[in-house]
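The lines below spell out each chain.
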Amino acid sequence: MPVNREFIGREFPAPAAYEVGREHIRRFADAIDDPHPAYRDPAAARALGHPDVIAPPTFLTVLNFRFAADGPVADPALGLDYAMVVHGEQSFELHRPVVAGDVLTSVQRVDDIRDVGRNELISTVIEVTDAGGAAVATLRGTIVSRGTAAPRSSSQA
Amino acid sequence: MPAYDGVEVGTALPARTFGLQRADLVRYCGASGDFNVIHWNERIATAVGLPDVIAHGMLTMAVAARIVTDWTGDPGALQSYRVRFSRPVVVPDDDTGAQLEVSGVVEDKLDGGRVVVGLTATVGGSKVLAGSRAVVRLP
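Protein chains in written order, with the numbering used here: chain G, 1 to 157; chain C, 158 to 296.
Take these hints with a grain of salt, some might be off.
Stated by the list, open to error - Here chain C is said to cover these stretches of chain G; the calculated rule only asks that three of the stretch's residues, wherever they fall, bring their Cβ under 8 Å from a Cβ of chain C:
#1 29 to 36
#2 42 to 54
#3 65 to 72
#4 85 to 91
What the hints contain is simulated information worked out from the structure, not anything from laboratory work. As the structure is a computational prediction, the values presented were derived from the model and not from experiment. Glycine included, each C-beta is placed from N, C-alpha and C at the ideal position.
All chains, please: the whole structure from these sequences, using the hints.
And the structure:
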């Protein structure tokens with residue numbers, strides 16, 4: 001069943017701030033098997049000029065899941081079957097590294113939903129700001145809902 | 158960290174091969190919060206038409222970034238990073254898993270000490286990332 005196009009343009013503010021913790025950064029770095037000390041040791045991070053341990057470049061993907069219940073993907077009205085979803089594209093613009101202790105506010109917006117063959121592509125952007133209101137990062141992602149596009153009639157094909 | 162002035166278009170980054178096994182996917186589920194069943198349940202993955210359990214695209218993206226952040230020495234030097242997931246990384250339930258081969262080359266030099274690195278990531282000779290670019294700032 002096709003995804004609900006009425007979601008295009010909708011914004012989904014995270015209902016709470018996301019507090020970046022040293023231990024979560026460590027756990028994320030462990031999960032990607034990256035031993036870099038800047039992800040674990042505050043002194044090592046400071047030696048590189050950072051105020052505390054920093055997060056790996058793709059860490060902010062956790063926002064997608066921390067606030068999934070309040071985002072578009074989990075909204076039954078979107079009509080998405082998550083088992084049919086694979087990731088299509090992703091980008092991160094990092095205005096500065098994410099640092100332990102950051103208290104981050106985020107808003108997710110559905111930019112586009114479109115058919116590509118029998119698949120549907122859902123593009124969203126997440127804008128992340130810090131407690132001082134400064135922009136931290138922009139995440140753009142496209143997920144693919146496989147095989148859910150409405151069948152096309154021969155006149156449209 | 159490599160210096161901006163010492164880097165030229167065409168400079169190759171040290172290539173690496175990374176193994177991804179089922180246990181890595183389970184760890185990434187927990188750390189990221191992405192528990193999509195296709196990353197840990199073979200029964201459902203095959204039922205929805207995938208060849209087997211597949212790695213999170215975000216795990217592949219994170220691992221591929223390693224050759225850039227290991228090259229710069231400071232992971233905080235990475236300013237932007239984008240990929241397209243051109244093919245799923247299938248992770249069989251065995252002791253080998255998938256072998257992700259990642260290479261990178263400097264494709265452009267920008268102002269402000271920034272360089273563009275193009276990344277290539279393959280499994281079994283097939284590209285799993287396409288149009289993959291990272292921008293890093295060098296001293």
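- Task: Could you check the structure against the hints above and give me the numbers of any it violates, in ascending order?
- Result: none
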